[in-house]
Structure formats: C-alpha cells, structure tokens
Amino acid sequence: MDRGLVGLCIEAACRSSESVEKWRRQRRSLERLPSQLADALLRRLLARRLLFPSLLEVFKHSAEEIYLRGENSVNAEWMAYLGAFRNLRSLNVADCHKVTSSALWAMTGMTSLKELDLSRCLKVTDAGIRHVTSISTLEKLCISETSLSVDGIPLLSSLKNLSVLDLGGLPVTDQALYSLQVLTKLQYLDLWGSKVSNNGTAVLQKFSKLSFLNIAWTNITELPNLSSIECLNMSNCTINTILEGDGGKAPLTKLILSGATFINEAEALLYCETSFLSFLDVSNSSLQRFCFLPLMKALKHLDLSSSAMRDDLVENVACIGADLRYLNLSNTRVSSAGVEILTGHVPNLEILSLSCTPVDDIAVLSISKLPSVKVVDLSNTNVKGFIRQVGAEPDSVLSLEALESLKHLEKLKMEQTRVRDDALKPLSSFQELRDLSLRSTFLTDVSLHYLSSLPKLINLSFRDAVLTDSGLISFNPSATLKLLDLRGCWLLTRDAILSFCRNYPQIEVRHELAHIIPKDKFGSSRPSPSRSTSRTLWVNQQQGNIPISSYFEDQRLKYSREELLALQYSSLYLVSPLDRGITTSQEELN
Amino acid sequence: MKKEDMVKLISSEGFEFVIDKDAAMVSQTIYNMLTSPGSFSETQHGEVTFPEISTTILEKICKYFYWHLQFASGKETEFHIEPELTLELLMAANYLHT
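Chains as they are written, first to last, in my numbering: chain A, 1 to 590; chain B, 1001 to 1098.
One or more hints might be untrue.
[As the list claims (entries may be wrong)] Simulated pairs of lysine-lysine, DSS-like, Cα-Cα distance not exceeding 27 Å: (1) Lys254/A <-> Lys297/A; (2) Lys482/A <-> Lys1075/B; (3) Lys1063/B <-> Lys22/A.
No wet-lab data here; the hints were simulated from the structure.
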C-alpha cells in the first residue's frame, strides 16, 4: 500500500470492524465515492476479511470492478446485493463454489455489466446461464468448467456483444458451436477439452475477428485457415494440418503445440505464415526433425523441453537465434556439444534452461560466452563445478569462474548437481546475482559462507545441505535478502532458526521446523484462503517468547559426535560427504 | 517569513489556512495550480479555494502535508486518521493527488 494519504485513508478505514461501522453510515459520501476509490476500498476490506454481504450495499452506486475470485463465503446473499450494483462493469466470482444457478437470478437484467467470470463455479448449470443471458451488455464471459450441458451452449447466442468467450472444459459439440456462429464480434474463443471435431471447425471461419483460439485437448486434427488468428493453442491434439485453405495468411505470433502428436511433421505447418511467430511451445511434442524451425526468424520464446531435440539438430535453433530471448531445452538429450553450437548465435538470449540434460562443465564455459544471459538453470545435470585439465597446474579449473564474465546474470539454479563446496567459491564474486538455488547433500557451511558476500541476493535456496546451527548463525546475508529456503537441512535446530530470524526479521525463512514470514509482509499481503497461516501465526508468537538462551552451548550439549554420526546413518542421505561436513561443524563449535 | 513562501488554502465554509508553500506542494494538484504558467489567480495571489472540502477535512489535510515532510526527512511517526473522517478525507486526498 502506498504511503500517500489515499493509501493511509483506505488503511484507516479497514483497520477493524469498529472503524468500518463508523464510516459506513455516511451514505452521502459513499454515493459520491469515485469508482476507483470504491474498488480499492472493497479490495482492501476483502483482504482484511471485513467484507460481508450487507456492507456491499453501501457500494452499490460507486463500485465498477469487483474481484471475489476464490472467496468461499460468496453465496446467494452476496449475489443478491451485487445484482443491485447499477454501475458494475466487471465481476469476477471464479472459483466461488457457493455460487449456484439460482444465486445468479439476482443478476438478471443488470445494465452496465460487461465482464463476468464464473469459471469453475461447479453449481452453475443451464438454468444459471439463462439468467446471465438477460445481461445483453456482456462482452466478456468466462464459464469454463461449470456444469453447463450441451443444451445450455446455444443460449449464449443471444449475447451478441460478446468478444471474449471462455468455454473451456465444457461439452461443446459441433452442433452447439454451430449455434454460436451469430457471435460475429468474437475475438477470443476458448474451447479446450470440448467435443468439437474436424466437422465443426468450418464454423470458426465465420468469426472474422477471431485472434485467439484455444482448442487444446480436442479431437481436431485439421484446422482450416482462419485469416485473423494471432494466437493458437493446439496442445495435446493430434495434428495433421494447421490453417490450410484459401484466403489471407494468418498473422500468427504465438503458437502453443505442447504435447501435440504430429501425423506428418513436414506438412503440419506448411500452410502457416511463421515468419512473424515470436512464441513457440513444442514441449513434449512428437516432433523429430524440427525442419520448420529455420523459417521462424522472429522467434523470441522457444520451448523445446521434453522434446526429441538433440545435438545434431541444435543447428536449427542456432540459425534463428538472433532475436531469441527464452530457450528451454530441459529434459532433452542436448549435451555440452549442443550448447557450444549456440554460442555466437544467440546474442540476445536472456533465459536458458538446461535442467535434466546430460550437459557438464564444458557447457558452463559455453554459457559464459552468451552475452545477455540473465537466468540459467543447470539443475539435475552433470555439472561438477570444475574441469580437469591433464598436465595443467593446478590440474583442475573451477568452471563457475567463467560465469563471472556474465554481467547480467541474475538467477542461477543448480539443484541436484554434484557441485561441492570448493567449486562454489567463484559464486562469491557474482555481483548481480539476485536469485540462487542450490540443493545438494554435498554442500556444507562453507558454501553458505561464500554466499555472504553476494550484495544483491534476494532469494536464496540452500536445500538438503549439511548445514549446522553454527553455519547458519555465522551466515551474514546481504541486506537485500528476502527469502531463505533451508528445507531439508536436517542438522538445523528450531532454536537456531528462530534465533537467525530474530537477527534478520526482514527475511522469510523456510524449514521443516519453522516457516517464518516477516511481520510487515504478513500484515499487508492478502491472506489467500488456500494458504493456511495459522501455523505461521503460532511461530510468530513463539518467536517472541523464546528466551534468548544460549542456543550455542545448547547445541554442544545436545549432540555428541557419536550421536551426530548415528543421526547421519539413520537418514537417507549419502554417507561420504557428510563426514566432512560434520567434522567442519564440530571444529567450528569447539 | 516572507509572504511568497506561504499559501492560503480556503475551505468550503470560508476558513483560511495559511501554510508553507513547500508543505502545500505535497499535493500534486496544488503544485500544478501554483506553478502552472499563465496568470491563474492562484499563482498570483497564493490563494486556493476548495468549495468541495470542509474545514475539518482541510485542517486534517494541512496536518498531513507537514507530517509527510517530516516522514520524508526520516521521522517515522504514525499519521492517525479518525475512522469518521476516512471517507471524506479519502475523496479530498484523491482530488488533491496526495
């Protein structure tokens, strides 16, 4: 919330139910309240859990936009009040499971409503949609995954002003889609998971302004030419041809074919104009040869994860790399040799994912030659952090040192690799790093100590490591650090974590023994219904009560070396690296 | 204190508040009125009338201007707002862009 007077007033108005009572009687003021203030006040009341149906009444002249998504309390009573909002332009009650068909009766004949989101309101049926169709002003309607039947779909044809229609997960048949052809203003149509087949696709050509179409998870194999389409999603479809037919070529910019099976790879995209395409997702698809890639000169975002991409095909990516910003090669067979092919061809690449690939430290050297890289994911790879050089002195070089040349590197993910403490030493000079994820049973206090010197670090994940209490206490994070994820660091004790939190109250710490969210963040963030905060509250209260005892000495008394070793064998972790970790900790403790 | 450094803010009931120009300029609206080129009467006389803002609210707003200056200079105190005033003050603050 901003510190301006407007923000302070909204904060003061939503301080408690008593303060709400004091201002809610000012009927005249509420009528004159400009809509953006009314909407902001409503949002804050909702976040503070101070909103209840009869309080809605006072906003009926002023509110224009109401967002109640996922609010479990929203029921027929709420809808009865909302139905009387004469200036309401947009209402979102998605995921409100108590909104039933009969509750929607209250909305009959609303005069200003343009946008309505009922997604996943499971109790909304054909009867509910009958009420909605009386709102002739509607331009945007989202009813995906409601309980609408195939007979309810044709009712929508009376909403002639619709430009956005989301029917995802509904049993829309060819016949039902045919009945919607009068909706000629449609620009956005979502039909994922519907029963539309190749026979029904001709109707889509009637929507002359259609620019977005989602037909993922359908049985459509041949999509006729739709000359205005810009964004097409055919994920998980079996694809024969796309946009084949007469007429102007569609100005496609975004194509999502994730999980698609191609009958004939060479012909599938033959009819598409792909030279303007900037976004392509073919992850998990059945593509084998990627022969169409060299034509896509304008690509910025390319997702090839879990596909058959391999080293000898990387050339197809390199030749269109000039504009590429995002490249996902995770879960492919691309190795270090493939990454090397990319160097020099992707001058603008910012995000590169190589997780779950067989790349090793040679790839790290190649990555260091990509000048614009900001985000790198090397999780679950063979990266060890050093390269052995035969005959050289010393006989191994630290590969991560090479990444120092990347002046823009902000985020580095290296979970589940075989990198050890000494190989991480170069990380301590990564001045721009904001986000770092490490997760390995090989890492100890030493690694965390290296990270103390990262000046801009905001999020640090240091999981499953052999981190001791003394290692955590001696960790001196930068002032920018907001989140420290220590899950799986099984040696840490609750006392040590709480003591760390007391020293650095601005840091959110995650661990199995305590999840502590900073108080200021806790107060202003919108408590979501799905995230239980009771435990956090408890921890916060506890935090104050813990006496500032000598946790340090406590540790020494608590475990003998023998006990620590016993603990070690009782866990599932690897044995060898832990020995070193524990020795280190013991030395430091004594 | 020189006269040029002060401005006069007048409420709907005609009450006059004379405050520092620096404080009043916390409001983007007043800032624009006082600095806009051309000869608005506000610019010339250093007087602004608010027919929509009552005396109680204008007084609170003047207090806020000074609080804001203090806050910006590092003195972190809380600015208390009586619940009864929140709505009127909210609308006035919105109008004044503060």
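Exercise for review: Find the hints from earlier in the document that the structure breaks and name them by number, from lowest to highest.
Suggested key: none
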